[in-house]
Amino acid sequence: DAKTTQPPSMDCAEGRAANLPCNHSTISGNEYVYWYRQIHSQGPQYIIHGLKNNETNEMASLIITEDRKSSTLILPHATLRDTAVYYCIVKKKGGATNKLIFGTGTLLAVQP
Amino acid sequence: GAVVSQHPSRVICKSGTSVKIECRSLDFQATTMFWYRQFPKKSLMLMATSNEGSKATYEQGVEKDKFLINHASLTLSTLTVTSAHPEDSSFYICSASAHRDTPQSGYTFGSGTRLTVV
Numbered sequence: 001d002a003k004t005t006q007p008p009s010m011d012c013a014e015g016r017a018a019n020l021p022c023n024h025s026t027i028s029g030n031e032y033v034y035w036y037r038q039i040h041s042q043g044p045q046y047i048i049h050g051l052k053n054n055e056t057n058e059m060a061s062l063i064i065t066e067d068r069k070s071s072t073l074i075l076p077h078a079t080l081r082d083t084a085v086y087y088c089i090v091k092k093k094g095g096a097t098n099k100l101i102f103g104t105g106t107l108l109a110v111q112p
Numbered sequence: 001g002a003v004v005s006q007h008p009s010r011v012i013c014k015s016g017t018s019v020k021i022e023c024r025s026l027d028f029q030a031t032t033m034f035w036y037r038q039f040p041k042k043s044l045m046l047m048a049t050s051n052e053g054s055k056a057t058y059e060q061g062v063e064k065d066k067f068l069i070n071h072a073s074l075t076l077s078t079l080t081v082t083s084a085h086p087e088d089s090s091f092y093i094c095s096a097s098a099h100r101d102t103p104q105s106g107y108t109f110g111s112g113t114r115l116t117v118v
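Protein chains in written order, with the numbering used here: chain R, 1 to 112; chain G, 1 to 118.
Treat each hint with caution, since some may be false.
Said to hold, decoys possible - Listed next, with one range per pair, are the computed distances between beta-carbon atoms:
no., chain 1, residue 1, chain 2, residue 2, range
1, G, Thr57, R, Asn23, 37 to 43 Å
2, G, Thr17, R, Pro8, 33 to 39 Å
3, R, Asp67, G, Glu52, 36 to 42 Å
4, R, Lys52, G, Lys66, 39 to 45 Å
5, R, Pro112, G, Gly16, 34 to 40 Å
6, G, Pro8, R, Thr65, 41 to 47 Å
7, R, Gln45, G, Lys42, 14 to 20 Å
8, G, Thr17, R, Ser25, 23 to 29 Å
9, R, Gln42, G, Pro86, 22 to 28 Å
In short, the hints are calculated from the structure, not lab data. Quick caveat: nothing in here was measured; it's all calculated off a predicted structure. Where a beta carbon is used, it is the ideal one built from N, C-alpha and C, also for glycine.
Sequences and hints are given; from them, build the entire structure.
Structure below.
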């Protein structure tokens, strides 16, 4: 199963774009890349997911490299409320359950 | 959107007692529910997966007799921490999925339960 590597922490100025990288060099062809975030003492919140094309929704954009070995989550205009731990997850194959396995994530601190 | 309600949000119990945590999908039928545990400043650790009407599948190292999971209906799963001890103090989070076997299926998380065993 593909694993992901993320920097442990990042800072971003309020109002600026936050670009969070993720490496998933062992991803297989039919595995998706998911992004979740967890604000302190809350349950994780879904942000976005993609297979190979770039994706955009009201929260963020997801850029996946052509070889699919890495991706970047972009928060276009970060606010203080975006301070959270961001998890990049490759959907684990196997069985009937498609479990979400969390890595260590990136703590994004948005500074005023 | 899909909503998962988890109760209680906080619970304090005495060592040796049992605690039940409920996870409900409010506006969809959850064929699969997941239970996670999270220690301070650590990531979420998957404890078990339950499919409605069948026995839960536990991750390696998780004691199934200590963490009883019931998924009797498509909208409710419960986690019971039996004979709780201080080392069981943690943040427990449930997640629900409405679809089987589809990579695109979404996962909705509850708001978590902070368990403190004294």
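Point to revise | Pairwise beta carbon distance, threonine 17/G to proline 8/R, judged against the given window 33 to 39 Å | key: holds, 37 Å
Point to revise | Cβ distance range 34 to 40 Å for proline 112/R and glycine 16/G, holds or violated | key: violated, 47 Å
Review point. Is the hinted range of 37 to 43 Å satisfied by the C-beta distance from threonine 57/G to asparagine 23/R?
Key: violated, 29 Å
Check your understanding: Is 23 to 29 Å right for how far apart the beta carbons of threonine 17/G and serine 25/R are?
Key -> violated, 47 Å
Point to revise | Distance restraint hint 22 to 28 Å, applied to the beta-carbon atoms of glutamine 42/R and proline 86/G | key: The hint (22 to 28 Å, Cβ to Cβ) holds, given that glutamine 42/R and proline 86/G are roughly 24 Å apart.
Check your understanding: CB of aspartate 67/R to CB of glutamate 52/G, is that within 36 to 42 Å?
Key -> Holds, since aspartate 67/R and glutamate 52/G (Cβ atoms, about 39 Å apart) stay within the stated range.
**Study point:** Distance restraint hint 39 to 45 Å, applied to the beta-carbon atoms of lysine 52/R and lysine 66/G
**Key:** holds, 42 Å
Practice item. Just tell me: holds or violated, for the beta carbon distance of proline 8/G and threonine 65/R against 41 to 47 Å? Key: This hint holds: roughly 44 Å between Cβ atoms.
Review point. At the C-beta level, are glutamine 45/R and lysine 42/G separated by a distance inside 14 to 20 Å?
Key: holds, 18 Å
The earlier numbered hints that this structure contradicts are 1, 5 and 8.
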